[in-house]
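> Each protein sequence line maps, in turn, to chains D and Y.
Yeah, the first sequence ends on 626 if you go by our numbering, and it's all consecutive.
Yeah, the second sequence ends on 626 if you go by our numbering, and it's all consecutive.
Calculated directly from the structure, the hints in this document are not laboratory data.
Any given hint could be a false lead.
You can't tell identical chains apart in this list, so a pair holds if it fits in one copy or across any two.
Below are the DSBU-like pairs computed for lysine-lysine, each with C-alpha atoms no more than 35 Å apart in a straight line [to be verified]: (1) K363 with K131; (2) K269 with K165; (3) K550 with K425.
Protein chains: 2
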Amino acid sequence: MNSSREIILQNRVSVDITIDPLSRKRYVELKPPSLQDNQADVDRLLSALRDCCPGLHMPLNLMNKTSEVLRSADWRVTATLACFGDYWSVIDVEPGDKTGHHYGLAIDLGTTTVVGYLVDLTTGNIKLAAADYNGQAQYGDDILTRIYLAGTPEGRAQMREAAVATLNKIIARLAKGGDIGQTDISAVAVGANTTMIHLLLGLDPSHICMAPYIPVVNRPGYIRAGDIGLRVNPEAPLYALPGVGSYVGGDVVGGILASGLYKKPELALFVDIGTNGEMVLGNNEWLVACAGAAGPALEGGVARCGMRAEMGAVYQVRIDRRTGKVTYRTIADEKPAGICGSGLVDCLAELLLAGIIDRAGKFKGDKSEFIVVPACESATGRDITFTQADINNIMRTKGAINAALEYLLESVGCRMEDIETFYAAGAFGQHLDLESAVTVGLYPDLPRGKMIRLGNSSGEGARLALVSGQARHEAEEISRSITYFELNASEAFMNKFVGSKFLPHTNLDYYPTVKEKLKKRRLNAQ
Amino acid sequence: MNSSREIILQNRVSVDITIDPLSRKRYVELKPPSLQDNQADVDRLLSALRDCCPGLHMPLNLMNKTSEVLRSADWRVTATLACFGDYWSVIDVEPGDKTGHHYGLAIDLGTTTVVGYLVDLTTGNIKLAAADYNGQAQYGDDILTRIYLAGTPEGRAQMREAAVATLNKIIARLAKGGDIGQTDISAVAVGANTTMIHLLLGLDPSHICMAPYIPVVNRPGYIRAGDIGLRVNPEAPLYALPGVGSYVGGDVVGGILASGLYKKPELALFVDIGTNGEMVLGNNEWLVACAGAAGPALEGGVARCGMRAEMGAVYQVRIDRRTGKVTYRTIADEKPAGICGSGLVDCLAELLLAGIIDRAGKFKGDKSEFIVVPACESATGRDITFTQADINNIMRTKGAINAALEYLLESVGCRMEDIETFYAAGAFGQHLDLESAVTVGLYPDLPRGKMIRLGNSSGEGARLALVSGQARHEAEEISRSITYFELNASEAFMNKFVGSKFLPHTNLDYYPTVKEKLKKRRLNAQ
Numbered sequence: 101m102n103s104s105r106e107i108i109l110q111n112r113v114s115v116d117i118t119i120d121p122l123s124r125k126r127y128v129e130l131k132p133p134s135l136q137d138n139q140a141d142v143d144r145l146l147s148a149l150r151d152c153c154p155g156l157h158m159p160l161n162l163m164n165k166t167s168e169v170l171r172s173a174d175w176r177v178t179a180t181l182a183c184f185g186d187y188w189s190v191i192d193v194e195p196g197d198k199t200g201h202h203y204g205l206a207i208d209l210g211t212t213t214v215v216g217y218l219v220d221l222t223t224g225n226i227k228l229a230a231a232d233y234n235g236q237a238q239y240g241d242d243i244l245t246r247i248y249l250a251g252t253p254e255g256r257a258q259m260r261e262a263a264v265a266t267l268n269k270i271i272a273r274l275a276k277g278g279d280i281g282q283t284d285i286s287a288v289a290v291g292a293n294t295t296m297i298h299l300l301l302g303l304d305p306s307h308i309c310m311a312p313y314i315p316v317v318n319r320p321g322y323i324r325a326g327d328i329g330l331r332v333n334p335e336a337p338l339y340a341l342p343g344v345g346s347y348v349g350g351d352v353v354g355g356i357l358a359s360g361l362y363k364k365p366e367l368a369l370f371v372d373i374g375t376n377g378e379m380v381l382g383n384n385e386w387l388v389a390c391a392g393a394a395g396p397a398l399e400g401g402v403a404r405c406g407m408r409a410e411m412g413a414v415y416q417v418r419i420d421r422r423t424g425k426v427t428y429r430t431i432a433d434e435k436p437a438g439i440c441g442s443g444l445v446d447c448l449a450e451l452l453l454a455g456i457i458d459r460a461g462k463f464k465g466d467k468s469e470f471i472v473v474p475a476c477e478s479a480t481g482r483d484i485t486f487t488q489a490d491i492n493n494i495m496r497t498k499g500a501i502n503a504a505l506e507y508l509l510e511s512v513g514c515r516m517e518d519i520e521t522f523y524a525a526g527a528f529g530q531h532l533d534l535e536s537a538v539t540v541g542l543y544p545d546l547p548r549g550k551m552i553r554l555g556n557s558s559g560e561g562a563r564l565a566l567v568s569g570q571a572r573h574e575a576e577e578i579s580r581s582i583t584y585f586e587l588n589a590s591e592a593f594m595n596k597f598v599g600s601k602f603l604p605h606t607n608l609d610y611y612p613t614v615k616e617k618l619k620k621r622r623l624n625a626q
Numbered sequence: 101m102n103s104s105r106e107i108i109l110q111n112r113v114s115v116d117i118t119i120d121p122l123s124r125k126r127y128v129e130l131k132p133p134s135l136q137d138n139q140a141d142v143d144r145l146l147s148a149l150r151d152c153c154p155g156l157h158m159p160l161n162l163m164n165k166t167s168e169v170l171r172s173a174d175w176r177v178t179a180t181l182a183c184f185g186d187y188w189s190v191i192d193v194e195p196g197d198k199t200g201h202h203y204g205l206a207i208d209l210g211t212t213t214v215v216g217y218l219v220d221l222t223t224g225n226i227k228l229a230a231a232d233y234n235g236q237a238q239y240g241d242d243i244l245t246r247i248y249l250a251g252t253p254e255g256r257a258q259m260r261e262a263a264v265a266t267l268n269k270i271i272a273r274l275a276k277g278g279d280i281g282q283t284d285i286s287a288v289a290v291g292a293n294t295t296m297i298h299l300l301l302g303l304d305p306s307h308i309c310m311a312p313y314i315p316v317v318n319r320p321g322y323i324r325a326g327d328i329g330l331r332v333n334p335e336a337p338l339y340a341l342p343g344v345g346s347y348v349g350g351d352v353v354g355g356i357l358a359s360g361l362y363k364k365p366e367l368a369l370f371v372d373i374g375t376n377g378e379m380v381l382g383n384n385e386w387l388v389a390c391a392g393a394a395g396p397a398l399e400g401g402v403a404r405c406g407m408r409a410e411m412g413a414v415y416q417v418r419i420d421r422r423t424g425k426v427t428y429r430t431i432a433d434e435k436p437a438g439i440c441g442s443g444l445v446d447c448l449a450e451l452l453l454a455g456i457i458d459r460a461g462k463f464k465g466d467k468s469e470f471i472v473v474p475a476c477e478s479a480t481g482r483d484i485t486f487t488q489a490d491i492n493n494i495m496r497t498k499g500a501i502n503a504a505l506e507y508l509l510e511s512v513g514c515r516m517e518d519i520e521t522f523y524a525a526g527a528f529g530q531h532l533d534l535e536s537a538v539t540v541g542l543y544p545d546l547p548r549g550k551m552i553r554l555g556n557s558s559g560e561g562a563r564l565a566l567v568s569g570q571a572r573h574e575a576e577e578i579s580r581s582i583t584y585f586e587l588n589a590s591e592a593f594m595n596k597f598v599g600s601k602f603l604p605h606t607n608l609d610y611y612p613t614v615k616e617k618l619k620k621r622r623l624n625a626q
């Protein structure tokens with residue numbers, strides 16, 4: 101797949117961390133045993149390592165290898181130790197000093213796309229990235245189908261195997277590209293929404309979509325990689341970023357971690373629009389969150405001419421307000437085949453600014469659709485159009501986001517203008533045109549310098565958890581401190597949602613730059 | 101097998117313990133989740149249990165079950181928690197209050213015989229015992245053959261499977277007899293010598309019998325029962341009593357634990373004569389130990405008419421010193437088929453006291469053997485005899501024990517008469533006639549009230565470790581504090597051994613009651 105769009109990480113946010121990874125390598129030179137010093141092999145190694153790592157275990161199936169390597173390497177070995185929460189375990193023993201060769205894997209496990217980052221654990225830096233589509237899609241593109249299928253033990257096994265197969269493909273590519281063995285990967289951290297974590301671990305997600313929406317687990321903690329069939333060191337820990345609830349998962353907690361907003365006094369808003377939309381509001385003192393199904397309209401899956409952000413997708417649209425001429429750009433400059441999410445938002449914004457639709461999102465006059473790409477230019481040989489129905493869908497998504505934000509603000513007694521920083525997470529947030537997103541009211545109207553694209557913040561959160569014990573500790577704290585509001589059951593939210601009918605917002609004063617633009621263009625700015 | 105001789109436990113030593121078993125059962129009534137309280141199922145249970153057990157984990161494969169049981173049992177469940185050293189793990193979740201139904205298994209895994217005790221963990225008491233021969237014997241009666249075979253991965257697998265099959269047979273019998281399910285056994289503790297632990301866990305024992313005699317591990321700690329195929333709760337911990345070295349294993353540490361000698365100020369000697377002979381000398385301030393191959397001569401495996409302590413074995417012999425008439429008793433009062441260890445020691449003592457042999461162990465006159473059972477009375481139709489060669493073998497074993505004791509005493513600057521209490525461990529120690537053992541010098545000549553038979557102290561040590569965290573802690577302390585002397589490499593020991601040629605001892609003053617007996621019978625008491 102064209103992975104470059106998925107794996108980009110933002111570097112405008114830099115989080116200070118001490119490198120203290122999920123696995124450690126220690127080189128030790130042991131005194132050989134003698135008649136006077138008859139400590140056993142495993143005990144000898146463990147007691148030398150316990151200085152740097154108290155409460156250390158060794159799995160049974162590493163004991164014979166330990167004895168062999170100690171004896172063949174003249175009692176000079178490198179041990180790999182891995183964290184399992186309240187205890188550490190020796191997960192590998194290699195001859196000689198191998199401390200410079202130390203790798204981990206950070207994963208963003210998305211519903212659609214899976215990204216893996218091979219991380220050099222001596223520096224904490226990414227050495228290589230690889231992405232692929234989530235193999236679970238063969239059983240169902242949308243998450244509800246997968247939840248339904250995973251209601252049986254057989255279905256759960258299928259879902260787990262599909263996710264693990266995708267990860268193993270990525271692992272094989274990373275190992276090959278990075279010129280390391282797959283079992284050299286000694287620690288794994290994963291950011292994913294709650295359903296995806298359930299499906300990866302073979303857990304029953306059935307109760308996620310039934311009130312009161314309670315998952316099997318939000319903090320699965322540290323799982324032995326071999327227990328789910330991951331082809332890295334089988335004893336390696338797989339750490340799942342903790343979730344908050346059924347609809348605010350470890351991917352969001354990872355995003356909050358990557359943004360650093362939980363450490364700053366200023367009020368910040370974090371929004372991740374993907375298949376679901378999640379929103380976190382807060383600062384270093386409190387965090388509130390909510391979520392809702394946002395995605396389909398913006399993922400290009402619902403619009404008549406919508407498509408995924410793949411080759412040939414129209415991702416940018418401009419309408420000359422004087423001539424009405426449409427210009428567009430496509431991914432990889434291929435012949436246009438459809439419109440992806442960022443293209444749809446661009447369309448909507450440009451139609452508003454060109455006066456073709458009104459603030460209620462209705463075509464003026466008798467128009468009922470807008471031709472973005474004429475048939476003669478398109479790859480399909482048919483017009484690529486943007487219809488009233490498409491507009492209504494995006495308006496609903498936008499309305500839900502507006503309503504959710506107002507609900508959150510009200511619940512903590514803050515106003516829209518109190519928001520000081522805005523973080524846009526995810527691939528969609530990365531590629532969306534900021535001006536268009538503000539114009540249609542999807543993003544708040546803040547000084548652009550205070551609007552930060554985080555890129556794949558779920559993957560970046562996983563990388564932080566992989567390379568820093570402090571980051572893992574903070575992720576646990578974040579997941580515990582977030583107050584989650586369940587919108588599915590909220591009448592107040594529904595009222596706001598129904599009332600949220602205009603572009604960019606019912607109250608245009610919340611969007612001063614958009615108001616200015618509309619005024620300039622002599623469009624109705626009431 | 102006739103197990104009653106193997107499974108007897110001594111009750112003259114009672115160790116005060118607080119019942120705090122390797123696994124715990126806790127009944128909890130959880131608040132059901134709601135929209136306002138959306139904690140996930142597993143997290144909800146763990147947080148309720150963490151009050152009584154911090155640092156609690158749950159294995160992945162119990163998470164779905166947890167969710168199911170919580171929901172079907174109306175959030176009222178009994179969790180079984182198990183200790184894995186530095187952390188605890190939830191290993192079962194049952195509906196309702198099952199705290200009264202709580203079982204563990206204590207094992208004495210001997211080279212020849214395996215004994216299992218089903219322990220009620222609510223009281224710490226044994227509910228049932230069962231014994232069987234170690235199935236490894238099919239590959240080799242003696243331990244050296246098994247060590248040799250276990251030098252390859254395939255051989256190790258065979259040995260492990262044979263030991264586990266024996267244990268699973270015992271477990272099935274205990275579960276049936278105790279009217280419980282096999283998976284109701286939620287914790288296992290095992291006492292065994294170092295080689296047997298290696299063979300049970302599939303570890304390579306090759307270095308145990310090569311200088312400097314270093315095992316793979318002395319403190320294997322807590323192993324998941326399912327990882328070696330034990331048919332109890334697969335998540336249950338199997339705790340192996342820690343060993344000291346290749347020849348002083350967890351069975352001896354368990355014996356010291358069961359004796360309580362490590363807590364008392366008086367100088368005590370602990371002797372376990374089985375296939376190997378082990379000896380520990382010490383008190384609450386220090387402990388020294390040594391070991392050597394002792395067994396064959398006394399296990400009845402070497403003597404011409406020797407046999408195991410099975411039905412028909414002569415276990416008691418008396419010689420009327422006036423008439424020379426021999427009386428004997430056999431196990432189960434069957435027709436005599438051979439002489440077991442205690443019978444051999446009896447023979448030797450009675451021959452000395454009857455003046456048939458001298459203190460050097462030589463037949464007087466031109467005799468070269470002694471008929472214990474004439475052909476007409478024996479099950480074999482042949483005389484059952486006790487020969488000069490048999491005497492020489494037992495003398496060597498006895499000599500080794502004397503030499504080892506003197507070596508230990510000398511190494512700590514104590515004398516024979518400083519020993520205040522003597523503990524005899526194991527089945528052999530249980531059935532040996534105390535007077536005969538003293539007469540031939542196998543046991544020290546102490547006031548008989550200070551000579552304590554511990555019975556199956558390896559099994560009792562396992563039971564203590566199973567029911568008490570304090571006992572496990574003390575076992576670890578004992579294994580760390582014992583100073584082990586390797587006799588295989590000691591010239592001083594060899595000199596003592598060679599010099600240790602008389603019955604009961606070269607220096608008869610060490611054996612005042614035997615000296616008295618010999619004098620009374622007008623036998624040479626120089």
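> Of all the hints given earlier, name the ones this structure violates by number, lowest first.
none
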